[in-house]
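A.B. asks: Dock chain B against chain A, hints included.
Each protein sequence line maps, in turn, to chains A and B. Every letter in the first sequence is one number past the one before it in the numbering used here, and letter 76, counting from 1, is 76. With positions in the second sequence counted from 1, the corresponding number in the numbering used here is that position plus 1000.
Since the hints were made in silico from the structure, they are not lab data. It is possible that some hints are incorrect.
As a list, the in silico SDA-like pairs of lysine to any residue whose alpha-carbon atoms are at most 25 Å apart [to be verified]:
1. Lys88(A) with Leu1199(B)
2. Lys88(A) with Leu1029(B)
3. Lys88(A) with Ala1184(B)
4. Lys1007(B) with Ala1130(B)
5. Lys88(A) with Leu1083(B)
Output of the computed footprint for chain B on chain A, the stretches with three or more beta carbons under 8 Å from beta carbons of chain B [as the list claims (entries may be wrong)]:
6. 3-12
7. 49-56
8. 71-80
Note that CB positions come from ideal geometry on N, CA and C, so glycine has one too.
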Amino acid sequence: MTVGSGTIWLVIGLLGIGTFLLRFSFLGLVGDRRLPAWVLRHLRYTPVAFLPAIAAPLVLWPAATDGMPDPARLAAAGVTLAVGFLSKNVLLAIVAGLFALYGGLAVLPG
Amino acid sequence: MASTTRKSPYWRGVRDGMPYLIVIGPFALLFGVVATEAGFSVAQTMGFTVLVIAGAAQFTAVQLLSENAPVWVVLTASLGVNLRMAMYSASLTPHLGAAPLWQRALVAYLNVDQSFATASLTYEREPQMAVSDKVAYFLGVMSHMAPVWYLFTWIGAVAGAAIPPEFALDFALPITFLALVAPAVRTLAHLAAAVVAVLAALLAAGLPPGTGILLAGLLGMVTGAETERRMERRR
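Same shape as in the complex, but just chain A (with noise of 0.2 Å):
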């Protein structure tokens, strides 16, 4: 990272003012009016949309290995992902992916 501790603390400080602004939008400035459906329908698929698009080249193309992909990351994420699909818990998602991580770590190739 070759970022100033300057540029941090900017966006340290507009992140917060943006994430607060958010949050408050609504509840804070529009009172009772409501949003129209399409905006609506738009939002509800920002976290299921963002999210994966930042996680897909971590998972494949990982820092660590210099970008090669590697075997134990991927069983770590198709487990995170299986698990988190089928028991609908995140704690435990996150626990089982921590499991095939090592797990994987200490039996694949690397």
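C.D. replies: Relative to the frame of chain A, chain B by itself:
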């Protein structure tokens, strides 16, 4: 549980928020570890956790900053991850819109996935709750979650430097994100949104840092919304 006294809304909130602590603690710990591993100072790490108080967006910002992405890309992508907060805000407005402004501001600061989900379900179930009781309940839900979030981030940040690379902590972030997403995939539209976003993110990997994620996220949102619209029409 046989209770003869009516519990105050605040203490009911405290009790209803308890189960989330087992998720919040490790998640905060991971953030502290990941941020310091990426080269952020303890103060900067705590700055994120206290001022932003949104795990997924914090992880995104840390990841993009460590890839030397430009500030506007970091902010756009991280705020994109937090866009759902505006929806939470809209959804709480009918219940809490009549509360004093400073109380609404406090609730806004503390509006995270877990507190929103817990409070909105309770409000739906008990519409007769007074506005002041609803605020007290919300604050109760977060009264332990917020301090645990701060404390465990700090522990992770301080202890993280002592954790060797064999622990593969680089992978804490994708595991946490996938663990958050997988249970949220409940319909074909969710699945379509996620699949399109993943494919787009991989295809756009050559673009400047963060830009691909932004495009992929927006494309996924449009895909999800369009799939939902068509499935509703078919019914």
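A.B. asks: Now look at each hint and say whether the structure bears it out.
C.D. replies: Evaluation of the provided hints:
1. Lys88(A) with Leu1199(B): 24 Å, holds
2. Lys88(A) with Leu1029(B): With a Cα-Cα distance of about 22 Å, the restraint between Lys88(A) and Leu1029(B) holds, given a limit of 25 Å.
3. Lys88(A) with Ala1184(B): Between Lys88(A) and Ala1184(B) the Cα gap is close to 8 Å, so the pair holds against 25 Å.
4. Lys1007(B) with Ala1130(B): Satisfied, since the Cα-Cα distance of roughly 15 Å is no more than 25 Å.
5. Lys88(A) with Leu1083(B): 23 Å, holds
6. 3-12: That given contact holds, which follows from 8 residues of the stretch 3-12 of chain A lying within Cβ reach (below 8 Å) of chain B.
7. 49-56: Answer holds; 8 residues pass the 8 Å Cβ test.
8. 71-80: Coverage by chain B holds here, the residue count being 5 at a Cβ distance below 8 Å.
Consistency note: the structure conflicts with none of the earlier hints.
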